[in-house]
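Enquirer: Sequential numbering of the sequence shown, starting at 1, is according to UniProt numbering.
These aren't lab readings, by the way, just hints derived from the structure by calculation. Backbone N, C-alpha and C define an ideal beta-carbon position, used for all residues, glycine too. There's no promise every hint is true.
Simulated DEER-style distance windows between Cβ atoms [to be verified]: (1) 34 / 155: 17 to 25 Å; (2) 84 / 2: 38 to 46 Å; (3) 73 / 155: 26 to 34 Å; (4) 126 / 84: 28 to 36 Å; (5) 119 / 155: 16 to 24 Å; (6) 14 / 102: 29 to 37 Å; (7) 139 / 22: 47 to 55 Å; (8) 9 / 31: 13 to 21 Å.
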Amino acid sequence: MTTRTITVTVNGRTRSATVEARKTLADFLREDLGLTGTHLGCEHGVCGACTILVDGAAARSCLQLAVQADGHEITTVEGIAAEDGTLHPVQQALHESHAFQCGFCTPGFVMSICGMLAEGTRPCTRAEIREELSGNICRCSGYQTIIDGVEKVLADTADAGATGTER
Numbered sequence: 001m002t003t004r005t006i007t008v009t010v011n012g013r014t015r016s017a018t019v020e021a022r023k024t025l026a027d028f029l030r031e032d033l034g035l036t037g038t039h040l041g042c043e044h045g046v047c048g049a050c051t052i053l054v055d056g057a058a059a060r061s062c063l064q065l066a067v068q069a070d071g072h073e074i075t076t077v078e079g080i081a082a083e084d085g086t087l088h089p090v091q092q093a094l095h096e097s098h099a100f101q102c103g104f105c106t107p108g109f110v111m112s113i114c115g116m117l118a119e120g121t122r123p124c125t126r127a128e129i130r131e132e133l134s135g136n137i138c139r140c141s142g143y144q145t146i147i148d149g150v151e152k153v154l155a156d157t158a159d160a161g162a163t164g165t166e167r
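Full structure from sequences and hints, please.
Expert: This is the structure in structure tokens:
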């Protein structure tokens with residue numbers, strides 16, 4: 001078994017660990033760091049449940065090896081709410097829209113939306129929002145309330161002049 005020591009910044013905290021060279025970033029986050037908000041669905045990069053931010057951009061953690069994250073900054077769903085428990089604007093908008101039923105896909109959608117906002121993407125129509133979120137699958141919501149939540153966060157962040165990635 002080949003191992004390598006990596007150092008990553010996860011949710012603002014520098015972490016070092018020795019990992020198997022073949023361990024996925026998703027498994028590293030879940031098993032080694034205990035950040036179980038990153039969900040594993042398909043493990044093929046199709047469902048989006050494992051979406052995180054790597055250096056501010058949305059990425060599928062099931063498709064990346066932990067050793068590839070060495071030296072990078074990672075944000076998981078656990079790292080976006082405020083220390084006092086105040087929800088992130090994306091989380092709040094989705095909550096107010098009653099966007100999800102079972103919640104399994106929620107972290108992936110939240111992080112994909114945060115990534116979209118961090119990149120400066122501002123879809124104007126429901127069809128454009130659907131296109132932006134087409135890499136995430138939800139099996140129980142019907143998507144309409146998720147899109148409602150995205151419209152809300154887009155309006156709220158436009159009013160505040162924010163990107164939606166700040167706390």
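Enquirer: For residue 139 and residue 22, compare the CB-CB distance with the range 47 to 55 Å and indicate the outcome.
Expert: violated (29 Å)
Enquirer: Quick check on a hinted range of 13 to 21 Å for residue 9 and residue 31, using CB atoms only.
Expert: holds (19 Å)
Enquirer: Holds or violated: 17 to 25 Å for the Cβ distance of residue 34 and residue 155?
Expert: For residue 34 and residue 155 the Cβ distance comes to about 35 Å; the hint is violated.
Enquirer: Quick check on a hinted range of 26 to 34 Å for residue 73 and residue 155, using CB atoms only.
Expert: Distance hint for residue 73, residue 155 holds at roughly 28 Å.
Enquirer: Can you let me know if the beta-carbon spacing of residue 119 and residue 155 is within 16 to 24 Å?
Expert: Taking Cβ atoms as reference, residue 119 and residue 155 lie about 18 Å apart, which means the hint holds.
Enquirer: Does the hinted range 28 to 36 Å hold for residue 126 and residue 84 at CB?
Expert: Cβ of residue 126 to Cβ of residue 84: about 33 Å, so the range 28 to 36 Å holds.
Enquirer: Taking the beta carbons of residue 14 and residue 102, is their distance inside 29 to 37 Å?
Expert: holds (34 Å)
Enquirer: Should the hint that residue 84 and residue 2 are 38 to 46 Å apart at their CB atoms be regarded as holding?
Expert: holds (42 Å)
Hints 1 and 7 from the list above are not met by this structure, while the remaining hints are.
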